[in-house]
Amino acid sequence: MNDDQQDLDSAIHHAKVLTWVCVALFVVLDVVGLTASSQSDPRFVLGAFGGAASFLGIIGAGVWWAYLASQRRARSLDDRLDHELGMEDEHDDRREPPSV
Numbered sequence: 001m002n003d004d005q006q007d008l009d010s011a012i013h014h015a016k017v018l019t020w021v022c023v024a025l026f027v028v029l030d031v032v033g034l035t036a037s038s039q040s041d042p043r044f045v046l047g048a049f050g051g052a053a054s055f056l057g058i059i060g061a062g063v064w065w066a067y068l069a070s071q072r073r074a075r076s077l078d079d080r081l082d083h084e085l086g087m088e089d090e091h092d093d094r095r096e097p098p099s100v
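The sequence shown begins at 1 in this note's numbering and counts up by one.
No lab work stands behind these hints, which were simulated from the structure alone.
C-beta atoms are modelled at their ideal positions from N, C-alpha and C, and glycine is treated no differently.
Watch out, some of these pointers could steer you wrong.
Just the calculated beta-carbon pair ranges, DEER-fashion [unchecked claim]:
#1 Ala52 - Trp20: 30 to 38 Å
#2 Pro42 - Gln71: 41 to 49 Å
#3 Val45 - Arg80: 22 to 30 Å
#4 Val21 - Arg72: 19 to 27 Å
#5 Thr35 - Ala74: 40 to 48 Å
#6 Asp82 - Ala24: 39 to 47 Å
#7 Leu34 - Leu8: 33 to 41 Å
#8 Trp20 - Arg73: 31 to 39 Å
#9 Ile59 - Asp7: 23 to 31 Å
#10 Asp9 - Gln39: 43 to 51 Å
#11 Val21 - Leu77: 24 to 32 Å
Please put together the full structure from these sequences, using the hints given.
If you want it as C-alpha cells, here you go:
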C-alpha cells in the first residue's frame with residue numbers, strides 16, 4: 001500500500017468518525033431539547049439550534065465521506081485498467097495531443 005492510498009484511507013476513516021460523532025451529537029441535543037418544559041427554556045433553544053447545526057455537520061461529513069470513497073473507487077478502477085492494459089507507469093497511459 002502506498003502513501004497516497006494510506007492517506008486516502010485515513011481521511012475516509014476520519015470522515016466516518018466525524019459523521020458518527022455528528023449523529024451522536026444530534027441525538028443527544030435532540031433529547032436535551034425534548035426534555036425542556038417550554039419553548040422559552042434554554043434547553044429547548046440548545047436542542048433546536050444545536051440539533052440543526054449537528055444535522056448540517058452530518059450532511060457535510062457524509063458528503064466528504066462519499067467524495068473520498070468515490071476517489072478510492074476511481075483509483076482502484078484506474079489501477080485495474082492499467083493492469084489489464086499492461087501499463088506499469090502512471091505516465092505511460094497519458095497520450096500526447098495530436099499535432100496539427
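**Message:** Please check whether Asp82 and Ala24 have a Cβ separation lying inside 39 to 47 Å.
**Reply:** With a Cβ separation near 41 Å, Asp82 and Ala24 satisfy 39 to 47 Å, so the hint holds.
**Prompt:** Using the C-beta atoms of Ile59 and Asp7, is the stated range 23 to 31 Å upheld?
**Reply:** holds, 24 Å
**Request:** Kindly confirm whether 31 to 39 Å is satisfied by the beta carbon distance between Trp20 and Arg73.
**Result:** Given a distance of about 21 Å, which is not inside 31 to 39 Å, the answer is violated.
**Request:** With respect to the beta-carbon atoms only, verify the hint that Val21 and Leu77 lie 24 to 32 Å apart.
**Result:** holds, 31 Å
**Asked** Honestly, do Ala52 and Trp20 meet the 30 to 38 Å range at C-beta?
**Response** violated, 18 Å
**Request:** Please test the hint of 33 to 41 Å on the beta carbon pair from Leu34 and Leu8.
**Result:** The hint (33 to 41 Å, Cβ to Cβ) holds, given that Leu34 and Leu8 are roughly 39 Å apart.
**Prompt:** So does Val21 sit 19 to 27 Å from Arg72, Cβ to Cβ?
**Reply:** The hint (19 to 27 Å, Cβ to Cβ) holds, given that Val21 and Arg72 are roughly 21 Å apart.
**Message:** Quick check: does the Cβ-Cβ distance between Pro42 and Gln71 fall within 41 to 49 Å?
**Reply:** holds, 42 Å
**Asked** Can the suggested window of 22 to 30 Å be confirmed for the beta-carbon pair Val45 and Arg80?
**Response** violated, 52 Å
**Item:** Whether the CB-CB distance between Asp9 and Gln39 falls inside 43 to 51 Å
**Value:** holds, 45 Å
**Request:** Hint says 40 to 48 Å; check whether the CB-CB distance for Thr35 and Ala74 agrees.
**Result:** holds, 46 Å
When the structure is compared with the earlier hints, violations turn up for hints 1, 3, 8 and for no others.
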